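A.B. asks: Here's the letter readout for the chains.
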Amino acid sequence: MAEETSVPERIVSRQVLAIPQRFSTGPVMGRFLRELRDHKRIMANKCPKCGRHQLPPREVCAVCHVEATGWEELPPEGAIRDFDVVYYASPDPLTGETRQVPYVLCWVDLDGTQGDAPLWHLLNVENLAEVRRGVRVRVVFADERHGTTEDIRHFEIIREEASPGAGTGAES
Amino acid sequence: MANRVAICAVAQTKFEACKRDVRTQGLLWEVVKDVRAQTGLDFGPGGIAGAVTVSDDVFDARTISDGAVTDLVGAHFGSEEKVAADGAQGVYYAAATVLSGHHDVVLLAGHCKESQPASRNMVTHLAFDPFYTRPVGLDYLCAAALQAQAYMARSGVSETQLAEVVVRARQWAARNPVAQETAAVTREEVLASPMIADPIREKFMYPVSDGAIAMILASETHARRLTDKPVWITGLGNCYDSFFLGERDLAGNFALERAAQRAYAMAGVSAPETAFDLAEIADQYAHQLPQYAEGLGLCPEGCGGRWLDEGGPDRQRVNRSGGMIAGNPLILGGLARVAEAVIQLRDEAGERQVAHAQRAVAQGATGPAGQLQTVVVLER
Ligand SMILES: [Zn+2]
Chain B
1 MAEETSVPER IVSRQVLAIP QRFSTGPVMG RFLRELRDHK RIMANKCPKC
51 GRHQLPPREV CAVCHVEATG WEELPPEGAI RDFDVVYYAS PDPLTGETRQ
101 VPYVLCWVDL DGTQGDAPLW HLLNVENLAE VRRGVRVRVV FADERHGTTE
151 DIRHFEIIRE EASPGAGTGA ES
Chain P
1 MANRVAICAV AQTKFEACKR DVRTQGLLWE VVKDVRAQTG LDFGPGGIAG
51 AVTVSDDVFD ARTISDGAVT DLVGAHFGSE EKVAADGAQG VYYAAATVLS
101 GHHDVVLLAG HCKESQPASR NMVTHLAFDP FYTRPVGLDY LCAAALQAQA
151 YMARSGVSET QLAEVVVRAR QWAARNPVAQ ETAAVTREEV LASPMIADPI
201 REKFMYPVSD GAIAMILASE THARRLTDKP VWITGLGNCY DSFFLGERDL
251 AGNFALERAA QRAYAMAGVS APETAFDLAE IADQYAHQLP QYAEGLGLCP
301 EGCGGRWLDE GGPDRQRVNR SGGMIAGNPL ILGGLARVAE AVIQLRDEAG
351 ERQVAHAQRA VAQGATGPAG QLQTVVVLER
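Chain order of the listed sequences is B and P.
Each residue of the first sequence is one higher than the one before, starting from 1 at the first, in my numbering.
Each residue of the second sequence is one higher than the one before, starting from 1 at the first, in my numbering.
Rather than coming from a laboratory, the hints here were simulated on the basis of the structure.
A hint or two may mislead.
Claimed, not checked - Mimicking SDA-like on lysine to any residue, the simulated pairs with C-alpha atoms at most 25 angstroms apart in a straight line are:
#, chain 1, residue 1, chain 2, residue 2
1, P, Lys14, B, Cys50
2, B, Lys40, B, Leu17
3, P, Lys33, B, Gln100
4, P, Lys33, B, Gly51
5, P, Lys14, B, Arg52
6, P, Lys33, B, Pro27
7, P, Lys33, B, Arg52
8, P, Lys33, B, Glu67
9, P, Lys33, B, Cys50
10, P, Lys14, B, Arg58
11, P, Lys14, B, Arg10
12, B, Lys49, P, Glu80
13, P, Lys229, P, Asp21
14, B, Lys49, P, Gln38
15, B, Lys40, P, Ala349
Keep in mind it's a predicted model, so treat the numbers as computed, not measured.
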């Protein structure tokens, strides 16, 4: 028994950290989520001093340090600014489930904005070769909405030449 | 100190059990806006040059919790440092920023919504290591109960005396417009409240609390420009005790005594029993009022029980704010103590004003059973 082995110790301690949380949203974030849920509207707030949008809306203009009191509805269409195709199956921390891969994450400059209101979400697309900067996309809202970011289901590519229902294999 | 640093403005939200109608950013903005209005300062050159924020990743449910508030404290394209500890440490950090000459005018801003997690205890449980102390169920409440057992046995403090601490705290809290627990209670009601972790009863604990605090700290030249009532920080000290509770003397005040010695040496205080016109103690739990009074040298070591019986808290004007036991969130307990000291030294404390207050001491604690102690001496 004196001969303790030289094998390294590999006891592993497995743990899960979880604390249920509830977050008040306040008047600004709250209005953004309520408009999504109730009216399928994408609302940015606006700085009264410099006029820039904030999306998602925040209480204060970070540049001017004044309350961003203005509101503006933005169209649910725009052009992809940046995107990435993700091949890594990152687990959802809430469910432990992994996402289906590959998935496409993108930032979209909504029409009428000057690069100051990027909306980021998933892009639902079958053919990855179609995903490019500048491609025009639209927001697809969820049928059941609860006042969360998932009230937007995803973006989809706009196919201007197609008649309704045709050539949109991407619709889930 | 070669240079001097002053607190030039203070703002606090009302402390409440659950601020349902505002998110943390809105909460913090309320006090940032207030200190800016008091001083006329904007962010940037000639104004607020840097910020120190105080927040907690687990209460905010995100790592690097200050990232959520940079827009509000002028840190967008600017500078900001976060203190993930009691806000009294934020005072220390902001004062050091000024005294070092790094910035002349600094915003200090802290927030916490203890109402966000399902249980405050689940949050403080995570402050313990995952291998030795979490599996046995430790959280800050249990740690405080162990501390209370040890301290009460050594210093002869009774449950009835602790009930009187709570009764008195409520009486003063009723005169503090930002205090949370302001309803009068009787000794009997306190003693009839449920036992939570022996000897800590429900009413011996600070309540779950939401709130925010902001201050402006400035170098002497700037302070005189910003206010006609600067409150000078003349002493600062801090000290950590061991992480493992078993390695500490829980009945004593190892860290607090050293933190106080350092602050008093800087401020030239040699007889703390008589040196201060008022004292603010972060009494998260009732027994910590006499225990930390010992640690601060307001009464001799081991004499906390006698100090309570002989009216020490009234004689030395301790916790006229109502104290932390009247309700401040974790990590703002010490910062609220400093805020009260500033309000008193500015002669703005209304019904609870200490007449002719010239010098105050404020204490804050971070970690289980007061592991990290911070002491601040302030003078008008
Ligand atoms: Zn602006």
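A.B. asks: Mind listing which of the numbered hints don't hold for this structure, in increasing order?
C.D. replies: Of the numbered hints, 1, 2, 3, 5, 11, 13 and 15 do not hold.
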